[in-house]
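**Student:** Here is how the chains run, residue by residue.
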Amino acid sequence: MDLSAINPVLLIASLMVAATPLLLAAIGELVVEKSGVLNLGVEGMMITGAIAGFATAVESGSPLLGFIAAAFAGAALSILFAILTQFAQANQVASGLSLTLFGLGLSALMGQSYVGIKPPQMGDIHIPVLSDLPVVGPIIFGHDIILYFGIALTAAVWWVLKYSRIGLVLRAVGENHDAAHALGYKVIRIRIAAIMFGGACAGLGGAYISLIRVPQWTEGMTAGIGWIALALVVFASWKPWRALLGAYLFGGVTVVQLNLQAAGVAIPVEYLAMSPYLITIIVLVILSADKSSAPASLGRNFHASR
Amino acid sequence: MIRLEKRPQPSRAWSMATPLVAVLATMLFGGLLFAALGKPPVEAIRTIFWEPLFGEFAFYYRPQLLVKGAPLVLIAIGLSLGFRAGIWNIGAEGQYIMGAICGAGAGLAFYPAVSFLIFPLMVVAGALGGWAWAMIPAVLKTRFGTNEILVSLMLVYVAEQFLASVSLGLLKNPEGFGFPGSRNLQSWDSAHNAELIAGSGMHWGVVAALIAVIFAYVLLNRHMTGYHIRLTGEAPRAAKFAGVNPTRLVLFCLGTSGALAGLAGLFEVSGPSGQITIDFNVGYGFTAIIVAFLGRLHPVGILLAGGLMALTYIGGDIAQSNLQLPAAAIQVFQGMLLFFLLAFDLLTNFRIAIGKPEVA
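Protein chains in written order, with this note's numbering: chain S, 73 to 378; chain E, 7 to 366.
Just so you know, the hints here were simulated from the structure itself, not pulled from any lab data. Since the model is a prediction, treat every value here as computed from it, not as a measurement. Each hint should be verified, as a subset may be incorrect.
Residues from chain S that keep clear of chain E, each with C-beta distances beyond 12 Å, as calculated [to be verified]:
#, residue
1, Ala-85
2, Leu-169
3, Lys-234
4, Gly-239
5, Asn-248
6, Leu-332
7, Ile-354
The following label-pair restraints were derived from C-beta to C-beta distances [claimed, not checked]:
#, chain 1, residue 1, chain 2, residue 2, range
8, E, Leu-202, S, Ala-376, 54 to 60 Å
9, S, Ala-376, E, Thr-253, 54 to 60 Å
10, S, Pro-192, E, Ala-41, 49 to 55 Å
11, S, Gln-288, E, Met-22, 44 to 50 Å
12, S, Lys-234, E, Val-130, 52 to 58 Å
13, S, Ser-132, E, Ala-41, 22 to 28 Å
14, E, Gly-92, S, Ala-376, 20 to 26 Å
15, E, Ser-327, S, Arg-372, 44 to 50 Å
16, S, Pro-340, E, Ala-41, 54 to 60 Å
17, S, Val-341, E, Gly-182, 18 to 24 Å
Non-contacting residues of chain E with respect to chain S, defined by C-beta distances greater than 12 Å in every case (computed) [what the hints assert, rightly or not]:
#, residue
18, Leu-59
19, Lys-147
20, Gly-184
21, His-198
22, Thr-231
23, Val-250
24, Ile-360
The beta-carbon is built from N, C-alpha and C at its ideal position, and this holds for glycine as well.
Build out the structure end to end from the sequences listed, making use of the hints.
**Tutor:** If you want it as structure tokens, here you go:
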């Protein structure tokens, strides 16, 4: 075992990379849940985004186009969920599950001819002087553009939810859809928009895994990150900045666990690989006591009787 | 103007018809999907649904129907109890794995003893393994209010890692020339879940699945616990006033589904699959969710749905070798089925009305 081989600066930099897919998916789902909808299909939308982004990037040679395609693919899949829950009044838990099962199959089908290919590289930004600073440079100024986009998105969602009129309406729909309907807000339309936003974010998160984090395509490569993102929303008590904190925490666990594997710690690899899931459970247990901040209409379908 | 009007009571006729409509719609759209993949659509659908039952080699495929259907029905029966009460165990795959590991482990501890007691012991250990794994989300939910969906699902990934660990370590075959995986239980008579009638595909898991169907039917229709399950699902507030104990219900539903999933795992590992290997699980725990919904959470419905889903597995395999249809296409096909089912369920609870709403 050689722990001195672990470089703390690289560790923090790779922690941020590992956290970004989680953060993107969680922020999307946070908005969805704020509107009172529980979409358990995050995993399915992420993996679909992962392959859609990967395939587009490989075919076009542009990672950025890949990300755009991934966002569209995630949103497209989420429309299926929106149709089921908002128009067909189907159970949200069952619909979300079916989205995940469908997405896993669809992605495997789409990805057949992309196994073992290397995607085009998304370059890290390079700011003269700043990026070359020791320690601070690689941590703060040496990442790809999507990582910064994730943080900016967190800030934007926080601001919109807290200070803007759209955010207020969204929260009203999530807290009490009957009252919001009585006030004349289009509950269904707002929820569909939120669901699609969540789908686009999940797609982006998936593409981040296949294009930057790994970067490669393998079947089922999201390996439960979508589900951890769902747990993260609970962890964050539906607050964007806490989602960022949580994502970095889970990213940290993943990266430390991988580094320990590489350093050859005396714990078997399988037990280290379990740790992110076990820690998710432990965190859920600690935080489930307080449910007061959950949107009051979460998971309930709305049907205007008049 | 077309609008939806909520039915005062769910329509029984539509409730029965939606699975059939969903299957037809899936065939149609599945055919389009296969056509998009460049495969002859009619031929593909025929291969999946007809070939295993009445094709040239049906004598070989029909027993497979029981082999593949049994674990699906066994798991789905357990899941349906919880789903009815709004308790969502979606980690049956993990409970299936743990049941297999515990059952096989309990048996292998006595290798190479010869005794008729070993197999029953493995069955008990398998059920207990699945039960214990399901108790984790159950206890966390009842004690701390933790979401059972997320916990049970996280435990699937933990169980998969544990499976990898034991097939490379604890349960690895000492005479296996270093290959991962346990001893083959098929070649050890005391632990082999052999076919009860040779060539029929009928093994103890099939028997267990049929017993589970009957028990679930009796439970739901004739027993107080079953009544509480239905009451909690259909009228949670009424259940509260009727004095239903939610803690007991959560423990019962998750425990039963875990034990049944564990049993399914044990019967699979000691029979058709034969040994514990890194990837011996093939996703029955997740497909069983589709089976439970397709069967309308009703024991008899689940039996039929399990058969249908087994058919798509077998037909999918045939289409894979005959038409080079990719394996993932069948997964998409199964996922589609659940989509259409949920979508058409609209007609069970709502009526499509044309014209202006009446003024009350």
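**Student:** A separate judgement is required for each hint: does it hold in the structure or not?
**Tutor:** Tested hints:
The non-interface label for S/Ala-85 is consistent with chain E: the shortest C-beta to C-beta separation is roughly 26 Å, beyond 12 Å. With a least CB separation of 6 Å from chain E, S/Leu-169 falls inside the 12 Å interface cut-off, contrary to its annotation. No beta-carbon of chain E is positioned within 12 Å of the beta-carbon of S/Lys-234; the least distance is around 26 Å. Every Cβ of chain E is farther than 12 Å from the Cβ of S/Gly-239; the closest lies at roughly 25 Å, confirming the non-interface assignment.
The claim that S/Asn-248 is not at the interface with chain E holds, since no C-beta of that chain comes within 12 Å of its own (minimum 18 Å). Residue placement check: S/Leu-332 keeps its beta carbon more than 12 Å from all beta carbons of chain E (closest about 15 Å). Under the 12 Å C-beta cut-off, the non-interface status given to S/Ile-354 relative to chain E is violated; the minimum distance is some 10 Å. Our hint of 54 to 60 Å for E/Leu-202 and S/Ala-376 holds, since their Cβ atoms are close to 56 Å apart.
Checked against the hint of 54 to 60 Å, the pair S/Ala-376 and E/Thr-253 fails, with Cβ atoms roughly 36 Å apart. Taken as a hint, the range 49 to 55 Å is violated for the pair S/Pro-192 and E/Ala-41, whose Cβ atoms sit roughly 32 Å apart. Range check, S/Gln-288 to E/Met-22: about 47 Å between beta-carbon atoms, so the 44 to 50 Å window is met. A hinted range of 52 to 58 Å for the beta carbons of S/Lys-234 and E/Val-130 is consistent with their spacing of about 56 Å.
Distance hint check: the CB atoms of S/Ser-132 and E/Ala-41 are about 26 Å apart, consistent with the given range 22 to 28 Å. Restraint check, E/Gly-92 to S/Ala-376: a C-beta distance of roughly 24 Å satisfies the suggested window 20 to 26 Å. The given range of 44 to 50 Å is respected by E/Ser-327 and S/Arg-372, whose C-beta atoms sit roughly 47 Å from each other. The hinted window of 54 to 60 Å between S/Pro-340 and E/Ala-41 is violated, with their beta carbons roughly 48 Å apart.
S/Val-341 and E/Gly-182 have their C-beta atoms about 20 Å apart, which keeps the hinted 18 to 24 Å range intact. With 12 Å as the threshold on Cβ separation, the claim that E/Leu-59 sits away from chain S holds: the shortest Cβ distance comes to roughly 24 Å. For E/Lys-147, the condition that its CB be more than 12 Å from all CB atoms of chain S is violated, with the nearest at approximately 9 Å. Even its closest Cβ contact with chain S, about 17 Å, leaves E/Gly-184 beyond 12 Å, as expected for a residue assigned away from the interface.
Separation of E/His-198 from chain S is adequate, the least Cβ-Cβ distance of about 28 Å exceeding the 12 Å criterion. Separation of E/Thr-231 from chain S is adequate, the least Cβ-Cβ distance of about 22 Å exceeding the 12 Å criterion. Every C-beta of chain S lies more than 12 Å from that of E/Val-250, the closest at about 20 Å, which supports listing it as non-interface. In this structure E/Ile-360 is separated from chain S by more than 12 Å, as the shortest Cβ-Cβ distance comes to about 17 Å.
Hints 2, 7, 9, 10, 16, 19 from the earlier list are contradicted by this structure; the remaining hints agree with it.
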